[in-house]
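Assemble the complex: chain R is given as a structure, and chain G must be docked to it using the hints.
Residue numbers (the working numbering), protein chains in the order written: chain R, 1 to 303; chain G, 1 to 301.
Relax, there's no trap hidden among the hints.
Straight-line Cα separation of at most 25 Å, DSS-like style, residue types lysine-lysine; simulated pairs:
#1 Lys113/G x Lys216/G
#2 Lys14/R x Lys39/G
#3 Lys239/G x Lys82/R
#4 Lys239/G x Lys204/G
#5 Lys274/R x Lys299/R
#6 Lys79/R x Lys281/R
#7 Lys82/R x Lys204/G
#8 Lys3/R x Lys281/R
#9 Lys82/R x Lys177/R
#10 Lys60/G x Lys3/R
#11 Lys3/G x Lys3/R
#12 Lys14/R x Lys72/R
#13 Lys275/R x Lys79/R
#14 Lys239/G x Lys113/G
#15 Lys3/G x Lys284/G
#16 Lys274/R x Lys3/R
#17 Lys177/R x Lys79/R
#18 Lys57/R x Lys239/G
#19 Lys239/G x Lys219/G
#20 Lys79/R x Lys57/R
#21 Lys204/G x Lys79/R
I should point out that these hints are in silico values taken from the structure, not numbers from a laboratory.
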Amino acid sequence: MEKPFILHMLTTAKNLSPFDVNMALDAGWLTALPYINVEASEVQGLVQDAIFSRSTKNLKRTGIFIGGRDTKQAMDMLKTAKHSMVPPFEVSVFADPSGAFTTAAGMVAAVERELLTKFNTTLEGKNILALGGTGPVGQAAAVIAAQAGANVMIIGRQLEKAQAIADLCSNEFGDGKITVTAGADADKAEYIKTADVVFATGAAGIELLSAELIASAPQLKVAADVNAVPPAGIAGVDAFHNGTPIAGSISGAVGIGALAIGNVKYQAQNSLLKKMLNTEKPVYLHFEHAFEVARDYLKANAS
Amino acid sequence: MEKRSILHMLDPMPHNSPFDINMAMDAGFEVLMPYSNVKLDSVYALTQDAIFSRSPAGVKRTGIFIGGRDFALAMDMLDASRQAMVPPFEVSVFADPSGAFTTAAALVACVEKELLSHHGKKLEECTALVFGGTGPVGIATGVIASLAGAKTTLVDHLSAETAQEVAKAYNRRFGSTLDGNCARNDAEKAELVADTDIIFCTAKAGIQVISGTVLKAAKQLKVAGDVNAVPPLGIEGIKRNDRGVPLLLAENAQGAVGVGSLAIGNVKYQLQNTMLNLMLTTDKPLYMDFRQAFINAREIA
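Pulled out of the complex, with its shape left as it was, chain R reads as follows (with noise of 0.2 Å):
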């Protein structure tokens, strides 16, 4: 008889996200178990716990997520999980810290898409403001779109704090091969002049950018806001756009909104625990594979 299929979700939170469970059961997993309050130096020892108890068979039946809020503490932790693996005894984890990874993936797929449909350009060369970008989607979206070949800047109030986040995003998750900087908001009116793209991910109901600062932008092109709640991050720009242009801008730029992003993050994250399901050898996911399937999709998907 084949087994049941196991995921055993760790979060560094007092909770799971219901978000992440309810994507998991969704996805296949027929029992989804939290482990709260995980500490990193627990990780070893849960993964080892998990690895020892099945078949190697049916260790493709068994998964490990880590959620959590904290970018850099999830790549660690997935880092350490695979090295807790002793093969053959070896399953596939998948971080995704506050659904960062992949709501990361999708706004920069969906960006991507509308350069290549209104613009037929790429995001090669092109210059990504992302403002309130020193969270964990801002993080990882200027790694995603450097690695892709922009040059990305993230903004943030305090420049050393931004200045600290691009450096990490340069050094830690891009491996030293791309270079994020870093800008303080207070100068993004001089910024916006070059930009061609905006990400806008930081807190819901903070408006980053202004009809003015739009008006001003002589060759912006795709201005994405994953904030869903009014007001929205990108005036002009609310959360049914999907590549629809944005009101008063003069290079005709194209807005994308929350729920559209949100729509591909959804298909990238339900893809990519499918894939734990189905692999045949294991898989370790984070940002890097969510932006792959969030470019699958929407290039399977195009009209």
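Okay, now just chain G, sitting in the frame of chain R:
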């Protein structure tokens, strides 16, 4: 419609063990509910909460599993749970902290089997050392081996006093006759190993406790068993799948054989599966600890 089977998994630690969760699902429980950070004084109420929401006919479909890291605490929780039953409202309870009871039972049963087949000896006729003897698997191994008649010593890696205190406490409670000692380096290990019949290695995963040099000192070693599956393994020269394979590094002990972690793990796995399954098929409630585990382990090994 038959109600779904539910296992309430009580654990005094911050996390339930993923190992036990996999095992419980695989044994056929349909729904697992983790309860972590459970205190001993909550067990009574949790148990009564669990028994009164289903009819007595639902007994087979409901169970309580007690995990954790601590032998004595798990036994206390098992007792508390048992005392909370109000027949006919009663469910089965199975204590296996860190899998220590089933691992220890499997280890002792495997070693006992090789002892008989390779040396024609019984546990009653032998002396045994338990390295890593003050950890959960070590204590359970010691208590089981001692109750089965072996003259058993728990060996701590730091303090003889600790080992003796642990031995005394468990002797008092379970009627075993354990002794305690310590071995902090190869010389001290060699001295202990020189005249033992059995070595149980239950120390932390990924640590070699008994090297080839120490094994050389053994003069009457018959069987050595190691539960560590993470390299480096606990006893040099015993491979994970070994089951009664000559332990050549013990060159001064005629006919010594080794049992490796996966061979033991295989018995442990079947054992835990069997015991979880018993909870689902029994007509009257079962209360299972290391003693029941050893009875079943002997049948499986």
